[in-house]
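Enquirer: Chains A and B are the protein sequences, given in the same order. Each residue of the first sequence is one higher than the last, beginning at 1 in my numbering. Each residue of the second sequence is one higher than the last, beginning at 1 in my numbering.
Hints in this document: simulated from the structure, not taken from any laboratory. Each hint should be verified, as a subset may be incorrect.
Said to hold, decoys possible - Some chain A residues judged to face chain B by a derived CB distance under 7 Å, without partners named: (1) Arg2; (2) Ser40; (3) Met50.
Unchecked claim - Going by beta-carbon spacing under 10 Å, a handful of chain B positions derived as facing chain A: (4) Leu117; (5) Pro196; (6) Asp199; (7) Arg203; (8) Ala365; (9) Ser369.
From the three backbone atoms N, C-alpha and C, an ideal C-beta is built for every residue, glycine too.
Listed below, chain by chain, are the residues.
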Amino acid sequence: MRVTTSTMLQSTMRDLAQGLSRLQDTQTRLSSGKELIRPSYDPSGTSTAMGLRQDLRRADQHARSLDDAQGWLDTADQALTASLGVLTRAKDVAIRAASSGGIGDVNGRSAYAAELRSLRAELLSLANSSFGQRSVFNGTAAGAAYDPSGVYQGNAASVVRDVAPSVQIPVNMTGPQVFGTAGGAVGDVFEVLDRLATAVLNGDANAITTEQANLQTRYDGVANATVEIGTRAARVEETRTRSTEMRGVLTERLSQVEDVDIVEALITAKAQEGSYQASLQAVAKILPMSLLDFLR
Amino acid sequence: VPSLSSLNTPHTGLNAQRRALDVIAHNVANARTEGYHRQRVEIGSLGTTATTGVFSGASRTYGADVVSVTRAYDEVLASRAIREDATRQSAASMRTAMTTVESIFPEPTDLGLSAVLDTFWGSWTDLANDPGSLAARSQVLENARWLATSLNRTDSQLQAVATDAATRIGGLAVEVNDLAAQIADLNRTITSSSPPNNDLLDRRDVLAGRLANLTGATVRPTTGGKVDVLLGGRALVMDTSVQTVTGSTGVLQWTSDSAAVNPASGEAHGLASVIADVVPRYRAMLDGVASQLVTSVNALHTAGYDQAGTTGRNFFDPANLTAGTIRLSADVLGQPANVAAGAPVLPGPVAPGPLDGEQARQIAALAESASGADAQYQSLVTTLSLETRAARSRFDIQEQVADTAMRDAASVGSVSIDEEMVALTTAQRAYEANARVMTAIDEMLGFLIERTGVVGR
Chain A
1 MRVTTSTMLQ STMRDLAQGL SRLQDTQTRL SSGKELIRPS YDPSGTSTAM GLRQDLRRAD
61 QHARSLDDAQ GWLDTADQAL TASLGVLTRA KDVAIRAASS GGIGDVNGRS AYAAELRSLR
121 AELLSLANSS FGQRSVFNGT AAGAAYDPSG VYQGNAASVV RDVAPSVQIP VNMTGPQVFG
181 TAGGAVGDVF EVLDRLATAV LNGDANAITT EQANLQTRYD GVANATVEIG TRAARVEETR
241 TRSTEMRGVL TERLSQVEDV DIVEALITAK AQEGSYQASL QAVAKILPMS LLDFLR
Chain B
1 VPSLSSLNTP HTGLNAQRRA LDVIAHNVAN ARTEGYHRQR VEIGSLGTTA TTGVFSGASR
61 TYGADVVSVT RAYDEVLASR AIREDATRQS AASMRTAMTT VESIFPEPTD LGLSAVLDTF
121 WGSWTDLAND PGSLAARSQV LENARWLATS LNRTDSQLQA VATDAATRIG GLAVEVNDLA
181 AQIADLNRTI TSSSPPNNDL LDRRDVLAGR LANLTGATVR PTTGGKVDVL LGGRALVMDT
241 SVQTVTGSTG VLQWTSDSAA VNPASGEAHG LASVIADVVP RYRAMLDGVA SQLVTSVNAL
301 HTAGYDQAGT TGRNFFDPAN LTAGTIRLSA DVLGQPANVA AGAPVLPGPV APGPLDGEQA
361 RQIAALAESA SGADAQYQSL VTTLSLETRA ARSRFDIQEQ VADTAMRDAA SVGSVSIDEE
421 MVALTTAQRA YEANARVMTA IDEMLGFLIE RTGVVGR
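Required output: the full structure, derived from the provided sequences and hints.
Expert: Okay, structure coming up:
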């Protein structure tokens with residue numbers, strides 16, 4: 001092919017421009033620290049990175065839900081543990097009141113009854129425990145779970161938290177689930193304590209024995225609920241550990257997809273710089289050559 | 001025996017070599033002129049013409065003359081270069097448009113729609129965690145409004161790409177008409193001289209190349225160095241008459257009958273497919289995201305209950321299903337208490353407790369749906385990134401092809417200084433040699449004049 005000054009100039013200019021634009025690409029990667037400057041640079045990488053970023057944002061969301069779930073469960077756990085203490089004391093009082101010395105002493109009976117009533121009030125306030133202004137044993141109803149007379153105000157709804165992708169943990173137990181259903185043969189724990197106090201006051205030994213058995217039933221119910229809440233708290237904790245690990249993995253993978261391998265990019269930049277300089281030198285040597293230099 | 005007429009032969013030689021020198025000077029002067037093709041002088045001998053000599057009846061005369069001045073031009077290579085360059089231009093305008101569309105979707109970052117969607121869903125989860133909080137409800141509304149605004153803005157940015165292309169077509173039509181008129185003018189001028197003036201031909205070819213760049217118009221040579229220019233199968237320039245086009249409506253049309261011009265390549269082709277294909281397609285995909293968002297959120301929201309136990313409220317305005325128009329419904333706009341976070345209690349359905357956040361949780365779970373707005377948006381970005389990459393690599397390849405074609409064409413016509421210097425030296429030497437011949441004849445004649453008739457003197 002015939003080569004002339006202008007065709008040579010054109011192709012040289014194009015080669016130089018290409019070299020420079022490659023160098024600029026590498027420089028942009030280096031200065032931004034990002035491999036994915038635009039989606040089209042790496043469509044599949046972009047798709048992966050978008051998915052990973054989405055997962056990370058969801059993980060943040062789940063972390064917030066986990067905190068919330070833990071708050072609920074901790075509140076419930078504390079209330080239930082304290083409730084068990086209260087009920088144990090109530091059982092003690094009932095045993096002492098039922099003893100031969102207890103039954104005979106009128107003043108002692110009224111003191112035992114008063115103590116039982118105060119324990120009932122204490123239990124009632126525990127049953128109204130709230131987390132962030134929300135009663136934890138109230139289902140989805142507003143306000144306190146039990147009114148001062150011990151009647152359940154809430155509903156039977158469960159409260160669920162999304163704590164990980166497709167993992168839901170129920171964070172609440174309703175009043176009846178923990179303290180028993182009002183009415184019926186046994187009634188809830190407040191009714192039992194009420195009747196027990198009355199039986200103690202009246203010195204009715206048979207009634208005291210019946211209510212002692214009922215109290216034990218309710219005690220077991222609360223104990224079961226405590227175990228249940230504890231199990232859920234353990235699941236929340238376990239999920240949190242796994243989520244934290246997962247977050248680490250996600251962040252690392254995102255970095256692998258998105259971030260520039262600095263060493264590789266630097267070496268590439270150096271190589272491109274070298275080849276650009278070499279072509280500049282070649283151009284500087286070859287282009288000025290002309291027959292004119294050799295004609296007299 | 002030399003005669004006075006012998007002086008004529010080196011004289012024709014001197015003339016011919018001087019013409020050759022003129023053309024070499026012309027080449028060197030135009031070494032960097034766009035579209036210039038180097039010219040060559042063809043010198044022929046004058047050996048056959050018989051004239052009557054002074055002393056010897058009929059005799060042959062000798063000498064040389066310039067037969068023609070031709071330009072180094074390869075029809076095939078030149079038209080291939082023009083065609084490939086027009087295709088390159090089409091690919092370039094497509095690449096530019098795709099890159100612009102791509103920049104409207106800043107992914108993967110925390111600035112794109114993907115992040116806005118996640119924030120929106122996240123605020124539903126927060127509401128589910130704390131249904132009693134008015135702040136959480138306000139947050140849901142605020143994030144929804146931001147999402148709607150982002151979709152509106154993205155849509156109008158896409159539309160702007162098409163509008164810009166339409167405006168460019170208007171300007172392009174003016175350029176096309178101007179070039180066509182110039183070509184028709186040159187056709188007229190070219191026919192007035194025979195043989196056609198090489199420099200005018202070069203200028204005309206440059207104009208035709210520009211026209212091809214804009215519209216992919218093709219050139220058909222006719223008699224006497226003239227050309228006709230065809231655009232989408234119809235004549236734009238026929239001899240010296242011109243048809244005009246208009247682009248004021250954003251579509252390239254013939255002025256005479258408003259028929260659409262269908263440019264096969266060139267910038268106009270790229271622009272037309274941006275307006276008719278690329279932008280509508282991505283807008284439709286974005287509309288899909290918006291309508292999916294409206295219908296899926298509304299389906300759950302109308303079934304849900306607010307704290308006062310009211311149900312049946314739309315969250316987004318169900319009448320506005322496109323990305324350009326999506327907005328909050330009047331039921332909830334500015335009324336955070338009306339956001340339905342509670343799920344219906346079945347059977348019934350009856351209103352749940354005021355602190356139920358189940359429906360909000362369900363709405364937040366839409367983010368995970370395989371056919372949901374997020375998934376649709378992600379597929380939009382993937383399609384876009386693949387298409388942009390294809391557009392860019394098509395341009396890169398076409399640029400190589402066009403560069404090669406143009407270099408091939410230029411290799412025939414471009415001026416090589418070295419070559420011209422060799423030709424210059426040759427012509428110079430030939431000129432000197434002719435002058436030397438003239439001197440020799442002069443000396444011989446002088447010898448005759450001074451020495452004849454002096455015998456025995």
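Enquirer: Would the hint on Pro196/B stand, with a C-beta cut-off of 10 Å toward chain A?
Expert: violated (24 Å)
Enquirer: Once the shortest beta carbon distance from Leu117/B to chain A is found, is it less than 10 Å?
Expert: holds (9 Å)
Enquirer: Quick check on the hint: Ser369/B CB to chain A CB, less than 10 Å?
Expert: Because about 12 Å separates Ser369/B from the closest Cβ in chain A, which is outside the 10 Å limit, the hint is violated.
Enquirer: Minimum Cβ distance from Ala365/B to chain A below 10 Å?
Expert: Status holds, d = 7 Å.
Enquirer: So, Met50/A near chain B? Judge it on the closest CB pair being under 7 Å.
Expert: holds (5 Å)
Enquirer: Is the interface hint satisfied for Asp199/B? The criterion is a beta-carbon contact with chain A at less than 10 Å.
Expert: violated (17 Å)
Enquirer: Tell me if the interface restraint on Ser40/A is satisfied: Cβ within less than 7 Å of some Cβ in chain B.
Expert: With Cβ-Cβ at 4 Å, under 7 Å, it holds.
Enquirer: Taking 10 Å as the limit, does the beta-carbon of Arg203/B come near enough to a beta-carbon in chain A?
Expert: violated (18 Å)
Enquirer: Identify whether the interface hint at Arg2/A stands, where standing means a beta carbon of chain B within less than 7 Å of its own.
Expert: holds (4 Å)
The structure is inconsistent with the numbered hints 5, 6, 7 and 9, although it conforms to all the rest.
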